[in-house]
Structure formats: C-alpha cells, structure tokens
Amino acid sequence: MLINCVVYQEGKKLADIDVEDIGRHVARPGCFVWVALRDASNEELDTMQREFGLHELAVEDARHGHQRPKVEEFGDTLFVVMHSVERGAIDELRVGEVNVFAGRNFVLSVRNRSQHSLLGVRERAEREPELLRQGAGFVLYALMDAVVDRYFPLIDALERELEGVEEEIFVHGAARANIEQLYGLKQRIMTVKHAVTPLMESAAKLWSGRVPAVCEGNREYFRDVYDHLMRINGTLDTLRDTIGTAIQVNLSMVTIEESETTKRLAAWAGLFAVATAFGGIWGMNFEVMPELKWQYGYPMALGFVALTCGLLFWRFRRVGWL
Amino acid sequence: MLINCVVYQEGKKLADIDVEDIGRHVARPGCFVWVALRDASNEELDTMQREFGLHELAVEDARHGHQRPKVEEFGDTLFVVMHSVERGAIDELRVGEVNVFAGRNFVLSVRNRSQHSLLGVRERAEREPELLRQGAGFVLYALMDAVVDRYFPLIDALERELEGVEEEIFVHGAARANIEQLYGLKQRIMTVKHAVTPLMESAAKLWSGRVPAVCEGNREYFRDVYDHLMRINGTLDTLRDTIGTAIQVNLSMVTIEESETTKRLAAWAGLFAVATAFGGIWGMNFEVMPELKWQYGYPMALGFVALTCGLLFWRFRRVGWL
Amino acid sequence: MLINCVVYQEGKKLADIDVEDIGRHVARPGCFVWVALRDASNEELDTMQREFGLHELAVEDARHGHQRPKVEEFGDTLFVVMHSVERGAIDELRVGEVNVFAGRNFVLSVRNRSQHSLLGVRERAEREPELLRQGAGFVLYALMDAVVDRYFPLIDALERELEGVEEEIFVHGAARANIEQLYGLKQRIMTVKHAVTPLMESAAKLWSGRVPAVCEGNREYFRDVYDHLMRINGTLDTLRDTIGTAIQVNLSMVTIEESETTKRLAAWAGLFAVATAFGGIWGMNFEVMPELKWQYGYPMALGFVALTCGLLFWRFRRVGWL
Amino acid sequence: MLINCVVYQEGKKLADIDVEDIGRHVARPGCFVWVALRDASNEELDTMQREFGLHELAVEDARHGHQRPKVEEFGDTLFVVMHSVERGAIDELRVGEVNVFAGRNFVLSVRNRSQHSLLGVRERAEREPELLRQGAGFVLYALMDAVVDRYFPLIDALERELEGVEEEIFVHGAARANIEQLYGLKQRIMTVKHAVTPLMESAAKLWSGRVPAVCEGNREYFRDVYDHLMRINGTLDTLRDTIGTAIQVNLSMVTIEESETTKRLAAWAGLFAVATAFGGIWGMNFEVMPELKWQYGYPMALGFVALTCGLLFWRFRRVGWL
Amino acid sequence: MLINCVVYQEGKKLADIDVEDIGRHVARPGCFVWVALRDASNEELDTMQREFGLHELAVEDARHGHQRPKVEEFGDTLFVVMHSVERGAIDELRVGEVNVFAGRNFVLSVRNRSQHSLLGVRERAEREPELLRQGAGFVLYALMDAVVDRYFPLIDALERELEGVEEEIFVHGAARANIEQLYGLKQRIMTVKHAVTPLMESAAKLWSGRVPAVCEGNREYFRDVYDHLMRINGTLDTLRDTIGTAIQVNLSMVTIEESETTKRLAAWAGLFAVATAFGGIWGMNFEVMPELKWQYGYPMALGFVALTCGLLFWRFRRVGWL
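Residue numbers (this note's numbering), protein chains in the order written: chain U, 1 to 322; chain A, 1001 to 1322; chain G, 2001 to 2322; chain W, 3001 to 3322; chain Y, 4001 to 4322.
Keep in mind the hints are simulated off the structure, nothing from the lab.
Here the structure is a predicted model, which means the values were calculated and not measured.
Misleading hints may appear alongside valid ones.
[As the list claims (entries may be wrong)] Here are the computed lysine-lysine pairs in the BS3-like style, where the Cα-Cα straight-line distance is at most 27 Å:
1. Lys193/U - Lys205/U
2. Lys293/U - Lys4193/Y
3. Lys3193/W - Lys1070/A
4. Lys1205/A - Lys1193/A
5. Lys1205/A - Lys70/U
6. Lys3263/W - Lys4193/Y
7. Lys2193/G - Lys4193/Y
[Said to hold, decoys possible] A few chain U positions that, by computed beta-carbon distances, are all more than 10 Å from chain A:
8. Gly53
9. Leu57
10. Ala89
11. Glu128
12. Glu166
13. Pro212
14. Asn233
15. Thr261
Built from N, CA and C at the ideal position, the CB exists for glycine as well.
Here chain U stands alone, though its shape is the one from the complex (with noise of 0.2 Å):
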C-alpha cells in the first residue's frame, strides 16, 4: 500500500507525484525522492524496482520477509533490513520489519507487519529543510533513528518486568510463577536481541573505516545510531545475565525452602513420634507393669510424654527448625 510519494528540492516539498513518475524525477539533478509503503503487494515492488533500478536481490528479500536485520550495498543503494519490535497481547512481542533502499538521491521505505507509522519521521524532517537538504542520507538516518528509539520502552518494560521477579525472588513460594516469568522474560529478550545485534554489527560499516557514498556526510549521525544500539545490546546481554543467575539463584531458593519445611515437618513429626512410642510401649499387655496401677500412673506418663515433646520443641526451636 502506497503511502507517500513526494519529491524534494533543496530540502524543501516539491509535490506529491504519481509512482509512473518517480524515474523521470530521480533522474533530474537536484531533486530527491522519498516514497514510503507498507505492506508492499508484488506489484507494488516491482513497479519500485523498476523505477529506482533496485537489485533483483533486495527486492526478493523485501518480498519475502523474515531477513535478518542487515545493511547490504549494492553498487550505489543501501538495503537496510530492520526489525520493528512491538508489544503485543499480554507478554507478547510481535516482530514486523522496515526495509529501506537508500539510493544517491531517492529513499523507499517498505513497512510490514508493523503497526507503528513513521509518518512522524517525515513530518519532523520537513520541518528542518536545513537537515533534509542533505538528501537519502540524513533520511535514512532518521528512519533508522525512529526504528531504534522504539526499542528503548521495549527495554525498559523488561528491565521492570525483571525488577518485579527480583523483589519475589527471596519470597516464600514465589518459585513457580518466578521460573515461568523468568523463561518468557528471556524468549522476549531473545526476541528484541535478534533485532538489535545484527542490526549494531551491519550498522558499524555506515560510519567507520570506507563509508557508502550515500552516509559519507553524516557518520556522526551514524554512530550515533551505532552507539544507541551498543547501548541497547549491552543492556540486553546484562539482562539475559541477571536472568541466567537469577534461575540459579531461584533454584537454590526452591532447594533452601525444601530444605527448610522438611526439617519443619521433621520436628513435627518426631514430637508426634514420641508420644506414639510411649503410647505403644505402656499399651503392651504385660501382666507385670507396676506403673500401670499407680494412682497417678496415667497423668505421669501424660506428663512424662508433655515433657519429653516440650524438650525437643524446644530444643528444635534453638536450631531455628520450628
């Protein structure tokens, strides 16, 4: 589906023009033109392929999806493959992804499956002709800018979620919902990862060592997108880090309390064995038990037994097992 089609001169809004045209202005010096689609039919990819000259190869890739994110050239254009990360239902993170073709005076955008528009980026750019006279550069620049800015609340929601796990890591009984929130925490980071890293390592050839034409004029831009992305990574392989010890640390959790009840029990357990075992041995049938026929045979040997279990519960309770 079409978006946008507009050519620009001198950074500034020239006109909307028709697809059939978009050749006819790339070819004429000084102009630029920037299209946007989303969801691409076939039909609409190889109308653009034709018009912009755009390699077999990219376009395939586009047609296809499920790239992983990269920056490719070929001759003169830039194929930019990036992952657009959103949260979806509950716990949920759906990836869609942004391509753009990056030529030495055109920018195609192709969106699919993503819900987020980056009709912003256009707006803002037309209000700073300054900026966007610099042409498919700077464009490319604040595309990619846009698609990275939206994974930082991605993080941050994360690095909250496992904030939450931590505070009920130590908790009573918290171990099942933990390990299971800890397992979906690190499928989603993994999620975010695969459209960060290869995104960071591809990103790394637009603004050091032999630059493409098309981002020779704006490598600090261009490390400065570098730079969030090395932030983002870091971030995530910290979190997968905590994550890895906090299932350890949850085991051990589990191990400790299971630890804990059973001597818990056990004490129970030997109190009540206790008076089991008096209770049987003064209930044997012998003729000849003297005790039997006390007076106060019965309330001593409550007694002796209240005793004894008041011996060991108190004795369970120093150990610290009651």
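Guided by the hints, dock chains A, G, W and Y onto chain U, whose structure is given.
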C-alpha cells in the same frame, strides 16, 4: 553414477556428451560443461580427475567423504563441500554430502548419501539462459542456494518441536518426557549446526575481500547465500541457548514439584500421625484413666481427634500445602 | 550550575571569566579555558555549545544523560562520557555521569547526579603549572584519572564483601543469607562493570594507534589510565566468576546439609519406629502370649527395646549419621 | 636411539649413512637427509644439534619434552612439536611426543614415549619418489599427516563411548555409573584436545599468509592437515559440549527418579499409616465403644480399613504414583 | 634495600659500584649496569629514577605495587611487571612483585614482597659471558625466565591436589570436604592465572611484530618465555574447566547418594511400618476376634509379620535398595 553430462554455450544447452569428451569440450573457448554424479564410484572420480584436471587432495576428499563443509581453492578451481541434512526415520537426521568442483568453465557436482535430487537446479537454470550464461559462478551459486534452502524446513521443524516442549515444560509430570526430548533435540540441532557453521565461515570468502575468479561476477549472489547461512546459524544458536535454559528450567520445575509433593504428603502424614498418637495414648493400659469410663468418652475422643485433624487440614490448606 | 570558568596561560591561572567571554578567550592563541559545570541546565549547555562550537549530537548526549561510557571524536573535539559510581544507602550504588569536552585549547566538564566534587583535580593541576601547561590533553587525563581512581575503593569494598560471604559459605544454615548477598553483590558488580568496561574499550584509542590530536603529547598518561581500567576490569571479571562458583557451591552445600539432616532425622525416626513396632506387637490381644505372663516380661521387653535402639544408635553414630 | 639415517637424491634413497657424515651430506647440493630417532639420549641430540646446526632452544625443548604442540621457526629451520595419543590400559590415554626439525634439505624426527612407529611413513614416501623429490616440506607433511591420522580412531572410540552412555542415560538406576563414565570421558577428551588444538592453531601458519620456505611448495598439503585438525577439533568441542549437557541431564534424571521414588514410597507409607491409625483408634480402651461389641465388628473394621486402603491405592495409581 | 649494583663490560663483571656512580657508567659506551633492589624504599626509587632517567609513571607503578603484570615501553626503556607467586602457610598463596626496567645498557630489577631471591640468575649469567655480552635484552630474558620457571612447581602442586580430589569424588560421604577443597583450589588457580595471563598477553609483543629495541636480538628467547606462559595458561584453563565439572559432578554425587539413602531408609521404615500396622490391628479391642483365641494365634501372627517383612526385604534387596 552419472546423472548428467551436458555442454552449454551462451547459456543454452548444446548437447549431452560422453564422459570421455569432457576434456575436449572444456578446452573449447565459450563452452561450459556441467556434470552431475551421484554416489560416485572410484572409477568415475578417476575419470573426472583426468578430464577436468582436478587436484589429488580434493578428489581424495570427495572419495572418502565425511569432510567438514568447506570452500577450498586449488589454483583456479574451487572445491566446495556441503552437507545435506534430511529427516530419516522418527526423530533422526541423515547427513549426506554434496561436493562441487567449479572451474573457469565447468562445474562438477557429486552427491553422496543424499535422497534429494538436485535436478531441479539444472532445470531452473536452463529456463533462464541469461543467468546460466554467467557460467560456473552462477551454477555454483544455484547449487549452494539449493542446498542451503533445504535447511530452512529443518530449522522450522526443530523450532516447532521446541515450542511443543515449551508448552509442556510448566505442566505437572511431564519432566521426564521433556528432558528426553530436549536432549534429542539438542543432538539434532548440533547435527544441523555442523552442516551450517563451517559452510558459513567458508562462504564468507566467496563474496568479501579477495574473491576467487569463478565467483567474481556473482558477489551479490554469494553474499545472499552467506546471509541465509548467517540467519540459520543465528537461529540454531538461539535454539541451543533456549534448550540449555529449558533443561535448567525443567530441573527447577522437577525440584519445585517435588517440593510441593513433599509438602502435600507431609500434611496428610501429619493428619494420620495425630490420630495414631491419640489412639496410642488412649490405648494405654493404666488402670486409672478416668476418661475411659465416661459414657461419651469414645465419641468425645473421636471428636477431639477429628477436630484436631480438621484444624490442621484447614491450616495446611491456607498455606497452600493441600 | 556553573562551578568554575577560568582562563590559563602558560599553565598559570589568568582570571575567572564570564561565560559570555569564553568564545573570545578560546580564540586567543596560547590561552586555555577550563570550565566546570554541575547538573547543567539546558540554557547552560546551549551557551557552552555556542561558545565552544560543540557538536549538536555530543551536546544532546550530555543533555539527556544515561549514555554508556565512551570516547568520541567530533572533528578536533573529544567528547568523553564517564560514569561515576558512588555508594548510596545500604548496599546500593548510585550512578552519575561526568561528561568532558576537550578541544585544542579548552576543556569543559559537566558532572551530573554525582556527589563527589572534581575541584581537587583543578587544585592539584594549578599547583603543577609545568604539567598544566600541556593544556587540554593533560586536564582530560587528570579528570579521567580522578574518576577512575574512585573505582578502586568500590572494588575493594566489593572484594571484602565477597570475602565475608566466602567465610560463611561452608557454615551451617547460612545458605539463605549467602545467596541473597551473592545476588545483590553480583548486581552491584554489574553496575560497576557497566561503568568500567565500555570506558576501557574506548580509552584504548587515546594511546594506541592513531591518537586524537588533543592526547598526542600524553600517550603514556592515557596508557596509565587504560592500565588502571584493565586492572579494575580484570578484578570485576574475577569477582563475577567467583560469585558464579560461590552460588553453585552454596547450592551444593544446601544439598549436602539437607542430605545430612535427612540422615539424622531418619536415624531418630528409626529408633522410635523400633520402639513403636515392639510396643504394637506386645500390645496385641492374643490370649496365648506366654511372655506377657512372665514376672519380668515387662522389664525384659523394655530392655530388649532399649538394647535394639542402643545398637542402632551405635551403628548410626559409627557411619556418621548421628 | 637411532632408527634411520638416510640420504636421498632426486627422491631416491642413496645410502644409509653414519651420524657423523650428516653435516657433509647436508652441505651437498641436491641431497636430502632424513634422520629418525626414538627416545633420543642427550648425546644423540647434541650430535644432531652439531650436525644440522639446530637452535639451542629447540633442542632444549626436544630434550625436556612436555612441550605443548607448536610450530616454530628458527631461521630457515622449522621445529614442530606434536603429541601422539595412544590407548593404554583400560580407559587411559598415554601421551607421547613427536618432534620434527625440518630444514632446507633435511628432516629430523624424534619420537618420545610413543609406541607407534613412524616407519610406515618412510616406506610409503620411498615408494613415491616423485613426491619425495619435493624434499623436506613433503616429508614434514607426511609425518604430520601420519600423526594426525592416528587421532581419528581415538575420536571414534570416544564418540562410541559417549553413545554408549547416552543409551543408558534415561535408564533407571544407571546414574552413578553414567556420571563416573562421563567424567572419565571428559578427562580423555581434554587430553586429546590438548594435543589437537594448539597444533591446529600453529599449523595455520604453514599454509596461509606468509609461509615458511620449507612448506612453500606444499601449501595445499598442509591445508589438508589443517583441515583434518579442524574437523577433529570441531568433533572434540561437540563431544565436550554434549558431555556437559549429558551431566546436566543425568542430574535431572536423578532428581526425577528420586521424585518418583519419593511418591511411590509415600503412597505405600500412606496405606500403612491408614491401617495403623484405625488400629490405634479401635485399640483404645474406652469402656463404651459400641462397635467393639458387635458380632461382625472386627470383619467390618478390617473391611473398612481394606476399603480405605483400596480407594487410596486406586487413586495413587490413577495419578501415576504406584 | 640495595642487593647488587654492578657494571659489566663485554659480558664480564668490571666492578661493584656506588649507586651515585650509576649515571656516569650508564653514559660510558660499551658498559652495562645491572642493579637489583629488594622492597625498595621511596628514596632508593627516587635515586634510580634520577640515575637511569626513568619515566615518572613507571616509577610510580613500582612504588605503589599491586599492578597487573604488563610490559610497557617508555621511549627506549622497557618496564616489565611480573608477579611472583609463592606457597605460604597451608593452602595459601602469597603474591609478590618483580618489576624490571630494561634500557639500552642497563637493567634494574625491583623485587617486592617476595621470598625467592633472584641471585641465582645473576650467578648463572656471570658464568656465561658470551650470553651476558648481549646486554639488557638477555638479562631481561633471564629474569623473566626465572620468574616464569617458578610457576611450574606451583602448577604441578595444583594438578596433584586436583587429582587428589578426583580420587575422592566418587567415594561416599566425601562431598563436603571435596567441595571445600575444590573451591579453595579454584581460588588459588585464579591467583596464579592473574599472574600468568596478563604477562602472557604482554610478552607477545617482545617477539612478534615490531619488537622493542632492547629485545631485538633475542626474539627466540622471548618466544620461548611466551611459549612457557602459553603452556601454563593452557594448563590453568584446563584446571579451571575441570574444577567446574568436578563441582557439578560432586553435586550429582550428593544427589545420587541422597537418593540411595532415601531408598534404604524408606525400605527399613516400610518393614517396621508393616509390623506396626499388624500390631495395631491385632491390638484392637473388638470382642469377637476369633484368631486371638487360637492356641497358636500369637506365633502365627508373629510368623505372618516376619514373613511379610521377609518378603519385602527380599524384594527391596532385589531392586538394590538394601
């Protein structure tokens, strides 16, 4: 077993030729010979070595098989070893080999211990003469692409299988089946990984830096293959990592379940221990036990025991043990 | 908040100047301006950007904070982000930021959310004019050195804390406290590591290979800073590794202790079970049970039970269960 | 102990020579001397050092042994240390050393603490004069190839052994034997890995980048050796990884089995506890317990107990505890 | 404390000189000064800095100690920090420092907190004038070699200790002692590793690539030192890895043992529970319990109980629980 032996010119099939004529056609400028063998015998390989002038060590590797995937240059000729991985009987993967020799104007493919035919590659290539005209580089790409594309359904199956285990992982009593399945899954992932990772590492030299002459004109295509291998490799790494966590989580679940079972059992044992202890006490044979003579002593005793057990039951239920 | 704004010549303080005069002094040859801000407001940063001609992106980073530590070049100007880590309330670390802009003849330091003043650095530098004469490079070194030196007492405290846990780790019953402390310790170590590792990686480019013009004359000094960071980083890695092992060992100790407790309890339970079983047998109501009629049947029975229990007790003690 | 000392020309054996004549023949152009020692004495090594002009440090290494595998250049001479690994008594690996000095026109091999003779290498080489004509480089290759080829059966044996454990891993009651075997297996894998990995790392410089003069003409051959080492190394890494998982899985199985045993025991204990509790209640000595006087009280009581136990048994069976 | 201060010419000792004369002799061509300090005071270091013209930062490092091992160049002078590790009281390692400054024609060694004298190095060097003639490079090598050689017995002791634990690891009841020892062992290994790994990394630049002028003529010697460090480092890594596995295996053994103990206890408990249950049943006070009146009721009951217990005993033994 010889499958095909065809000579092409300008991207079009000239003729099926005899194996003995290969050398002659390879020497003709503008010609291109594409030979396919399957489970090649020693004699066939000897013939090929003579006709194409292949290097001793490469032919040895193709003969003995069980090489790790690799891309090697012997002078002008590229020698590529790939593993085909196919689903055999239940839960088992069978590994075969596809060896490709690609020279300036010939390609020889040798397929060993593999069910999947590569005939489709030739058919598709013959339908696109403008691509086939590019010669050995393109055919090598087409073969590699075909082998790599067959990894995807395998990966999907492994992912689905893991998702199946994940749905069971927090279910009571499935721990033993889970752990067996996770272990088997890990083994199969390693099998695929051994096919993918070394090939990926080797394939990098077909498109970046100095590139063998055969591949020079098709850099973008080999980068595409490399990219697919990267994606598969990334997915395998994630699967492996997830299985590691799943095994850990599964162990935690077993421990948690055992802990829960212990508590429930202990609670019931406690109820009966109370009854037994009181039974023991009132079963003692002291002569002077006034309550034994009461008219309603017995129902009161029963009531007392029932009350105590009821209280315990209520308390155990409140703390979630029953 | 402006803290200092001083112009130096030949290593000696000329005068405190107004913020508006900075641009004029920076333009004077042989002069050197050193400005220090704390929790800078947007207006202050705007002024600084204008007076020193700082790059938009660097100022943005300083404004928003929460950057990862880094060293970036914007033309002639170096932009260094460092984290200050301070001990807050009990067992908590507070992270602040020290941003330094170092140009050919100026240094601007911006300290955010940090208690520790950097005034001492200026005082020491002013006492050594022959060093201060080296200009921006030396001041940058002095600031980095000051920040890095403050990591050492933190590391020492973490090491002491870990040693404290280690002394407890083989002590009975401390498992729960140990695991909580180890987990908290790990979190704090990660906080410091996030301050140290990225800074170390960035600092490498201040002394090895091509070095920014500002640092050219002070390579050895920056290598020294780098060396300190390496040392801290190595210690943190070891701490982290040791904590991992300690958590594992702690879990082992819990399991071992549980095993020992189980054995001790089982042994006592066994003694009572014996008494109960014999009590039950001699409590049966068979009419013909000759021993019940013996004169010394009861003491013999008690003796028999005592003897059996004694034997068991002796055996359990011998195998170390009691 | 001297095994062979032969001089070759044009790939053909000229004569067995005396150790003292080595220096003279090495100096003759077109000649090539190949000496083999076994468990060399200090005197023999001194002689060799003098005759071949070997470097002090290399001879020291050969004398003392226990070096890690490596490839070192001393001027024109290559010094290669390899480990031979042989199966000793049950489940034990014995590590020996093969040191090779390869100069422009000589090869000296010193085999220490190793049973396997390298005579076969010389025989095969002498049967192929066109290869042997290539001189020291080819002989070095042949020796390395022979040592490396002997790792394969070892690896196969380790793999078979691991498969044996894997078949036992989900079998009841084999946990103790499994864990012992896995630990031993891991130790043996590490032994082989110490022989393989450093050699692989060193062997890379025999074929890629700048190559020592001795190996220049045989790059492909050394790449082949390297490739074998890569394959072995990869297999060892997988074995090690699999053992790690297997140990983890084994622990899980122990925990699962314990959990199952606990449940089964608890179920049986429950049945008997019920009987005991009812026995205790009807064994109380209250005077007024009407059911005790019933004609069929006893069978009814027994029936009641049996019924309760039966119900419990049926329920336990349904949840899989019995 | 000054130990030696000697001037050499042509590899032969000229004279012991005064500290104040050092500067004069260092300036004489063909002369070479070798000074050894031990636990140097501030004044001594100041003198040395003045006489040899050492760099401020290097002297600071030597003064404060607690540096990580490293090799640094300050102009022509090399500054090498090494750790000496010595066995102190039981199971404790003491870390000292050996700092070496090596210039064009001088060597200054400063030994801190270390018992082992380095006098032997000087004696051996003076006995071999042809080597000592090579000057500072050779002396630096000799000192490094001496420090590194002292790591070997430490490593051997650690290996023997680990083997000792391994022999205990499958023995019943040794788990607690094993885990304590493994933890301590791991700590000690880390201490040695901190001495070895950074030194190894630094030592690489003494023989490969661009080499400091001081070491130029002795590349092979420094490679030898490097090689020893590689070997030690590899052994330490293996030890660490093995300890990790051993801790895991030890935990498995504890769990297995606990499982076995649980089964044995449960079996015995079962035998007694049977006796108790039957005792309870025949102890009931029903009036009509015909078997109680039988002449041989009691022995039959005892026999029945014994038989049941015997059967259980036999079954438990068969499944290996008793």
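Consistency of the hints with the structure:
no.: 1; hint: Lys193/U - Lys205/U; in the structure: 19 Å, holds
no.: 2; hint: Lys293/U - Lys4193/Y; in the structure: 78 Å, violated
no.: 3; hint: Lys3193/W - Lys1070/A; in the structure: 22 Å, holds
no.: 4; hint: Lys1205/A - Lys1193/A; in the structure: 19 Å, holds
no.: 5; hint: Lys1205/A - Lys70/U; in the structure: 18 Å, holds
no.: 6; hint: Lys3263/W - Lys4193/Y; in the structure: 47 Å, violated
no.: 7; hint: Lys2193/G - Lys4193/Y; in the structure: 20 Å, holds
no.: 8; hint: Gly53; in the structure: 14 Å, holds
no.: 9; hint: Leu57; in the structure: 5 Å, violated
no.: 10; hint: Ala89; in the structure: 17 Å, holds
no.: 11; hint: Glu128; in the structure: 35 Å, holds
no.: 12; hint: Glu166; in the structure: 16 Å, holds
no.: 13; hint: Pro212; in the structure: 15 Å, holds
no.: 14; hint: Asn233; in the structure: 14 Å, holds
no.: 15; hint: Thr261; in the structure: 6 Å, violated
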